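*Asks:* Sequence:
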Amino acid sequence: MKYFYIAITSIFLAYIIVLLFTYFYQRNLLYHPSENNYQGDNINFNYQEIFIDVEENIKLKSWFIKKDLKNLKTIIFFHGNAGDLTNRIHKLNELNKLDVNILIISWRGFSGNLGKPTEKNLYQDAKKSVEWLNKSGIEKKNIILYGESLGTGVATELGQENSFAGIILESPFTSMVDAGKHYYFYLPVSFLLKDRYETIKKLKNIRIPILVMHGEKDKIVPFNMGKKVFLEANEPKYSYFPKEDDHMMEYNENLLEALNKFLKSI
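Take any residue in the sequence shown, note its place counting from 1, add 3, and you have its number in the numbering used here.
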């Protein structure tokens, strides 16, 4: 019996250590700025590299693909939780085929930017990027918020303002709590989590056109989350759910067709 209690105590202490580690290092588990999958894709678009001021001594490295600011809508692209701007070259090569201007920003702590990524800080980064576009002569009514994975939580936060042309959510999650429970089912995620990105609760406040895109074979963000986001979204809403795609890795003609259809609707 003595050894039984020792074993139970050891397991309990080990679990407490895991809880403490997860709590204090959770942002290292969530944000991966150095995880790059860049395969040497050639850049097939012309862009201007800019640096957007967000706080004293903190600037966001960003790329601006400028075509026609007066007559075309402008997409502002909020990327996911891993990698730098070069990780999105293959996507930008395809998005550049659309009749839109594109601003892609990198979060603080990413792409060599100073600062640390947190939910609050990413919201601030996004708002400052919108302000930069406004100062460049682009009104909110001509801006489309485009969130990729983690970036969908940011796009949803800003989308509640309902002053933008539309919102595109690529591989969205219902909330970071739900995503955390999916990966760490053995932990009290609701209690531990600092950055919650509660997308599903904010959808009711969004009344601008929304396009939800999610691969049905997504191994990172479960497809059922994207499907739920679409079902909970207000009209007008559109969806693109490729059956064979894993975390929207395939930017192809079908995706561009879905995006073009959405652009024409707004």
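Keep in mind that the hints are not guaranteed to be accurate.
What the hints assert, rightly or not - Calculated cross-link-like contacts (lysine-lysine; reagent style DSSO-like; alpha-carbon spacing at most 30 Å):
id, residue 1, residue 2
1, K246, K230
2, K130, K100
3, K222, K264
4, K230, K123
5, K143, K62
6, K197, K246
7, K204, K123
8, K119, K100
9, K230, K240
10, K205, K222
11, K231, K246
12, K144, K184
Rather than coming from a laboratory, the hints here were simulated on the basis of the structure. On a predicted model such as this, the values are computed, not experimentally measured, just so you know.
*Asks:* Give a verdict on every hint.
*Replies:* Cross-check of the supplied hints:
no.: 1; hint: K246 with K230; result: holds, 12 Å
no.: 2; hint: K130 with K100; result: holds, 26 Å
no.: 3; hint: K222 with K264; result: holds, 27 Å
no.: 4; hint: K230 with K123; result: holds, 26 Å
no.: 5; hint: K143 with K62; result: holds, 22 Å
no.: 6; hint: K197 with K246; result: violated, 33 Å
no.: 7; hint: K204 with K123; result: holds, 17 Å
no.: 8; hint: K119 with K100; result: violated, 33 Å
no.: 9; hint: K230 with K240; result: holds, 12 Å
no.: 10; hint: K205 with K222; result: holds, 25 Å
no.: 11; hint: K231 with K246; result: holds, 16 Å
no.: 12; hint: K144 with K184; result: violated, 36 Å
The structure does not agree with the numbered hints 6, 8 and 12 stated previously, though it agrees with the rest.
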